[in-house]
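For the sequence shown, the working numbering gives the first residue as 1, with consecutive numbering after it.
Derived by calculation from the structure, the hints in this document are not laboratory data.
Just so it is clear, the structure is predicted and the values come from calculations on it, not from any experiment.
For glycine and all other residues, C-beta sits at the position ideal for the given N, C-alpha and C.
It is possible that part of the hints are untrue.
[Stated by the list, open to error] Computed spacing ranges between beta-carbons, pair by pair:
#	residue 1	residue 2	range
1	K114	K49	16 to 22 Å
2	K49	E18	45 to 51 Å
3	R8	F152	45 to 51 Å
4	K77	T131	40 to 46 Å
5	P111	L81	36 to 42 Å
6	E30	S105	50 to 56 Å
7	E97	K123	18 to 24 Å
[To be verified] In silico lysine to aspartate or glutamate, EDC-like type, Cα no more than 16 Å apart, as pairs:
#	residue 1	residue 2
8	K49	D73
9	K136	E125
10	K77	E93
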Amino acid sequence: MLLKFTNRYPLSKTLRFELKPIGKTKDYIEQKGLLSQDEERAEDYKRVKKIIDEYHKDFIHKSLSGVKLEALDEFEKMYLLPSKDDKVQKEFEKLQESLHKQIASAFRAHPTFKNLFAKELIKDELASFVTDESDKTLIEKFKNFTTYFTGFHKNRANMYT
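Kindly generate the complete structure, drawing on both the sequences and the hints.
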């Protein structure tokens, strides 16, 4: 006997589930103001990300200042060629890779690179980077919530590879 499991019902619906606190859980959440704290933290997160972006700009500027890239003039000449045959294109790609490695090694050589994607960025580096008191207060709020930035740090780390 074969059982027919498909096309048994003419309409399929998606169920949506929602967590609704009840009883003492609801009272506890309201008493402690957890939802409002979370909303505030979400807004603060956006502002701290902008501060971190400014820090990254400063880091890039500091780590690349004084760096002399080898074969940059040759790269520029090849880049400006109106058309490239296969041989020139391969040479151009080799120069690109070489420049890319030089820049990446300049980033890695900077003393604060190891902290750039870790909790130390928020706990140590940003505290000395910002000058505005409101920004310092914002950063202080995230000293114990550094995991909020895990995905953000991974995206930024991709820029430096």
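Each hint tested on the structure:
{"no.": "1", "hint": "K114 <-> K49: 16 to 22 Å", "verdict": "21 Å, holds"}
{"no.": "2", "hint": "K49 <-> E18: 45 to 51 Å", "verdict": "28 Å, violated"}
{"no.": "3", "hint": "R8 <-> F152: 45 to 51 Å", "verdict": "46 Å, holds"}
{"no.": "4", "hint": "K77 <-> T131: 40 to 46 Å", "verdict": "43 Å, holds"}
{"no.": "5", "hint": "P111 <-> L81: 36 to 42 Å", "verdict": "39 Å, holds"}
{"no.": "6", "hint": "E30 <-> S105: 50 to 56 Å", "verdict": "54 Å, holds"}
{"no.": "7", "hint": "E97 <-> K123: 18 to 24 Å", "verdict": "36 Å, violated"}
{"no.": "8", "hint": "K49 <-> D73", "verdict": "36 Å, violated"}
{"no.": "9", "hint": "K136 <-> E125", "verdict": "11 Å, holds"}
{"no.": "10", "hint": "K77 <-> E93", "verdict": "13 Å, holds"}
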